[in-house]
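Student: Letter by letter, the chains look like this.
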Amino acid sequence: MDNVIVRLENITKKFDDKTILKNISLDIYEGEFITFLGPSGCGKTTLLRIISGLEEATEGKVYIEGEDVTNEIPAKRKVNTIFQNFALFPHMTVWDNINFGLKMHKVPEDEATKRIKRAIKLVQLDGFENRYPAQLSGGQQQRVAIARGIVMNHKVLLLDESLCSLDLKLKREMQGELKKLQKKLGITFIYVTHDQDEALTMSDRIVIINKGNIEQLDTPKEIYSKPKTAFAADFIGESNIIKTEITHINDDIAYIKLTDDVELAVPNNNYKKGKVTLIVRPENFNPHKNPVKESFEGVVKNYMYDGAVVKLEVEVGDKLIKVHLYDNDVFEEGEVINIDIDKNKVIIIGDKNEAEA
Amino acid sequence: MKQKHSIEKYLFTVPVIIYSFLLILLPLLYVLLISFFKSDSYGGMIYTFTLSNYAEIFNITYIRIFLKSIGIALITTVICLFIAYPFAISLMSKKETTRNLLIKLVMVPFLMNSLIRTYGWIVLLRKNGIINSALIGTGIINSPLSLMYNNLGIIIGMVYTLLPFMILPVYSAVSKVDPNLVEASYDLGASKIKTFTKIYLPLTISGAFNGSLMVFIPAIGYFFITDILGGGKIMIIGNLIKNQFLTARNWPFGAAISIFLILMTLILVKIYKQLGGKMDDLGGM
Chain A
1 MDNVIVRLEN
11 ITKKFDDKTI
21 LKNISLDIYE
31 GEFITFLGPS
41 GCGKTTLLRI
51 ISGLEEATEG
61 KVYIEGEDVT
71 NEIPAKRKVN
81 TIFQNFALFP
91 HMTVWDNINF
101 GLKMHKVPED
111 EATKRIKRAI
121 KLVQLDGFEN
131 RYPAQLSGGQ
141 QQRVAIARGI
151 VMNHKVLLLD
161 ESLCSLDLKL
171 KREMQGELKK
181 LQKKLGITFI
191 YVTHDQDEAL
201 TMSDRIVIIN
211 KGNIEQLDTP
221 KEIYSKPKTA
231 FAADFIGESN
241 IIKTEITHIN
251 DDIAYIKLTD
261 DVELAVPNNN
271 YKKGKVTLIV
281 RPENFNPHKN
291 PVKESFEGVV
301 KNYMYDGAVV
311 KLEVEVGDKL
321 IKVHLYDNDV
331 FEEGEVINID
341 IDKNKVIIIG
351 DKNEAEA
Chain B
358 MKQKHSIEKY
368 LFTVPVIIYS
378 FLLILLPLLY
388 VLLISFFKSD
398 SYGGMIYTFT
408 LSNYAEIFNI
418 TYIRIFLKSI
428 GIALITTVIC
438 LFIAYPFAIS
448 LMSKKETTRN
458 LLIKLVMVPF
468 LMNSLIRTYG
478 WIVLLRKNGI
488 INSALIGTGI
498 INSPLSLMYN
508 NLGIIIGMVY
518 TLLPFMILPV
528 YSAVSKVDPN
538 LVEASYDLGA
548 SKIKTFTKIY
558 LPLTISGAFN
568 GSLMVFIPAI
578 GYFFITDILG
588 GGKIMIIGNL
598 IKNQFLTARN
608 WPFGAAISIF
618 LILMTLILVK
628 IYKQLGGKMD
638 DLGGM
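One line per chain: the protein sequences are A and B, in this order.
The opening position of the first sequence corresponds to residue 1 in the numbering used here, with each subsequent residue numbered one higher.
The opening position of the second sequence corresponds to residue 358 in the numbering used here, with each subsequent residue numbered one higher.
Don't take each hint at face value.
[To be verified] Keeping only pairs whose Cα atoms sit at most 20 Å apart, straight-line, the calculated EDC-like set for lysine to aspartate or glutamate is: (1) 549(B) - 55(A); (2) 257(A) - 340(A); (3) 275(A) - 318(A); (4) 155(A) - 32(A); (5) 243(A) - 260(A); (6) 551(B) - 72(A); (7) 322(A) - 263(A); (8) 549(B) - 72(A); (9) 549(B) - 56(A); (10) 551(B) - 109(A); (11) 78(A) - 540(B); (12) 452(B) - 55(A); (13) 76(A) - 540(B); (14) 451(B) - 55(A); (15) 451(B) - 17(A); (16) 452(B) - 16(A); (17) 451(B) - 16(A); (18) 555(B) - 96(A); (19) 155(A) - 30(A); (20) 18(A) - 453(B); (21) 425(B) - 584(B); (22) 451(B) - 56(A); (23) 452(B) - 56(A); (24) 452(B) - 17(A); (25) 103(A) - 540(B); (26) 555(B) - 109(A); (27) 551(B) - 96(A); (28) 549(B) - 96(A); (29) 273(A) - 251(A); (30) 343(A) - 204(A).
[To be verified] Label pairs and their computed distance ranges (CB to CB): (31) 491(B) - 164(A): 56 to 64 Å; (32) 40(A) - 494(B): 52 to 60 Å; (33) 126(A) - 365(B): 55 to 63 Å; (34) 533(B) - 344(A): 42 to 50 Å.
[Said to hold, decoys possible] Computed footprint of chain A on chain B, listed as stretches where at least three residues anywhere in the stretch have a Cβ under 8 Å from a Cβ of chain A: (35) 554–564; (36) 588–602.
Note that these hints are calculated values from the structure, not bench results.
All figures in this text were calculated on a predicted structure; none of them were measured in a lab.
Think of the CB as a built atom: it goes at the ideal place given N, C-alpha and C, for glycine as much as any other residue.
Taking the hints into account, I'd like the entire structure generated from these sequences.
Tutor: Next up, the structure:
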């Protein structure tokens with residue numbers, strides 16, 4: 001698990017005078033499912049293309065399996081890409097599509113046949129060998145694209161927003177399958193997406209990229225519970241992000257202003273007085289009918305039933321906060337409720353944008 | 358035809374029908390008609406039915422001219438293909454504004470009369486022309502090359518005149534190829550040449566066929582290029598027809614060759630379309 005399979009060293013990419021990626025260094029390990037997550041235009045796809053060789057880095061080095069491939073053409077790199085629109089060759093059958101890379105690498109025919117059959121079995125496309133891409137559904141085309149990649153037996157597969165053209169149900173299904181397939185093959189998947197749900201469900205590690213920088217690199221659980229920046233907190237899951245300040249500190253308790261009238265007391269974690277960003281996940285605010293210890297009051301402005309979860313928007317002073325509720329308490333719009341907070345799950349980020357909780 | 362009373366429909370189609378009838382169909386029928394007449398020795402026609410004009414086409418002299426025409430047209434087509442593809446593919450990696458500009462430049466020669474443009478080549482190609490002077494001046498060659506008044510001159514002229522007709526359909530086909538397919542091909546280990554033969558060519562074959570037709574057919578008949586750059590020594594079918602009408606004044610024979618050429622062209626179009634059609638199905642485009 002701890003074998004570095006892809007190493008990026010100080011990668012910078014400029015298009016004309018626009019900087020797309022800024023000095024990115026990253027180690028990717030053998031057998032992991034790693035996701036580049038970020039909004040569109042953040043540079044995540046460019047980073048993937050730099051690994052595959054379809055794009056050249058302006059500065060920096062790319063190593064694949066320990067070899068410096070910075071100046072190698074894509075054909076010479078031991079990685080393959082699954083394109084967003086699958087890029088299946090429309091004039092070739094499923095079989096010929098999967099065979100294409102093997103032919104280009106002059107793999108002997110009997111071995112090629114064995115490998116293609118195995119790949120087809122893995123992606124469950126038996127019986128479709130002689131169809132043309134146009135005769136396949138989106139999900140089947142996706143499988144052909146994957147088979148065409150894995151048949152090369154490389155240790156790294158690059159997937160560029162590979163599920164985003166599928167409809168929601170199929171997408172969910174394919175997420176599970178991709179993850180299973182990756183475990184079964186034991187190879188590294190580098191997956192690019194802007195869909196945080198997808199990133200959370202499938203990844204071993206997530207790289208959050210914003211404006212050409214790595215915002216955070218961590219496991220899904222760490223990223224969700226301990227986002228290091230306001231951007232990471234906002235991008236993954238829902239958050240209340242409040243720019244405020246720590247008014248005073250009393251030994252092991254820090255007092256942080258929520259509104260002019262409401263102050264939260266949270267465990268002190270080497271905080272300093274001054275301006276901070278307060279991040280609270282909606283499920284870490286707990287609404288109650290009656291006042292509880294250290295609760296404050298708010299007015300329900302919006303009530304949304306969403307199956308397993310009820311989403312409230314509550315007005316507290318001059319702020320509107322998001323509160324999620326998982327039990328059956330019924331609140332009505334306009335009702336005054338009492339809210340307390342899971343003190344240990346509050347995230348406070350100092351002015352330097354560094355995590356302090 | 359279902360809308361019996363739509364006057365507008367006739368209003369716009371009638372001029373076209375009249376035009377086609379008077380200026381294309383009638384003359385063509387006239388040519389067909391006189392191709393079955395006999396000629397007299399004074400350039401007139403004797404109005405008796407004969408097939409001898411068609412029989413004469415198969416005279417070895419004329420068969421040679423036909424073969425030569427087809428040869429020159431084929432070489433012209435192939436050279437145009439070899440220029441058009443790299444040009445079209447390299448355009449794809451350019452910015453859209455650059456691309457549009459270059460394609461417009463391809464069409465600039467259309468703005469000038471092709472006869473004048475062909476005369477322009479004389480200045481470049483003749484013994485003491487610009488190309489020879491430059492090559493001798495720089496010491497690359499000692500004596501001037503024969504660049505015109507031979508097959509080479511004709512082919513240069515043909516390629517120059519007809520190249521835009523190849524570039525436009527080829528470029529139009531190439532620009533429709535999804536760039537991801539090309540990247541996928543590189544990603545899977547294909548070289549540039551393999552990517553061309555396995556991806557670009559099969560997906561753009563209909564464009565190549567269209568372009569080939571648009572180059573091949575005129576190349577058989579462009580007599581003025583052979584006249585100017587071939588120095589009147591070399592004949593293609595176009596010259597043969599022109600000579601029969603204007604010099605030999607044997608209109609029936611000229612007409613018979615014309616009809617024969619039209620039939621040959623139609624057969625070629627048919628073959629091309631059939632091949633192109635089949636390739637299209639494969640391409641799924």
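Student: Give a verdict on every hint.
Tutor: Hints versus structure:
no. : hint                        : in the structure
1   : 549(B) - 55(A)              : holds (16 Å)
2   : 257(A) - 340(A)             : holds (14 Å)
3   : 275(A) - 318(A)             : holds (18 Å)
4   : 155(A) - 32(A)              : holds (10 Å)
5   : 243(A) - 260(A)             : holds (13 Å)
6   : 551(B) - 72(A)              : holds (18 Å)
7   : 322(A) - 263(A)             : holds (17 Å)
8   : 549(B) - 72(A)              : holds (15 Å)
9   : 549(B) - 56(A)              : holds (17 Å)
10  : 551(B) - 109(A)             : holds (18 Å)
11  : 78(A) - 540(B)              : holds (15 Å)
12  : 452(B) - 55(A)              : holds (16 Å)
13  : 76(A) - 540(B)              : holds (13 Å)
14  : 451(B) - 55(A)              : holds (15 Å)
15  : 451(B) - 17(A)              : holds (18 Å)
16  : 452(B) - 16(A)              : holds (13 Å)
17  : 451(B) - 16(A)              : holds (14 Å)
18  : 555(B) - 96(A)              : holds (11 Å)
19  : 155(A) - 30(A)              : holds (8 Å)
20  : 18(A) - 453(B)              : holds (19 Å)
21  : 425(B) - 584(B)             : holds (15 Å)
22  : 451(B) - 56(A)              : holds (17 Å)
23  : 452(B) - 56(A)              : holds (18 Å)
24  : 452(B) - 17(A)              : holds (16 Å)
25  : 103(A) - 540(B)             : holds (16 Å)
26  : 555(B) - 109(A)             : holds (18 Å)
27  : 551(B) - 96(A)              : holds (15 Å)
28  : 549(B) - 96(A)              : holds (19 Å)
29  : 273(A) - 251(A)             : holds (12 Å)
30  : 343(A) - 204(A)             : violated (28 Å)
31  : 491(B) - 164(A): 56 to 64 Å : holds (57 Å)
32  : 40(A) - 494(B): 52 to 60 Å  : holds (58 Å)
33  : 126(A) - 365(B): 55 to 63 Å : holds (58 Å)
34  : 533(B) - 344(A): 42 to 50 Å : violated (59 Å)
35  : 554–564                     : holds (count 4)
36  : 588–602                     : violated (count 0)
Checked against the numbered hints given earlier, the structure breaks hints 30, 34, 36 and satisfies all the rest.
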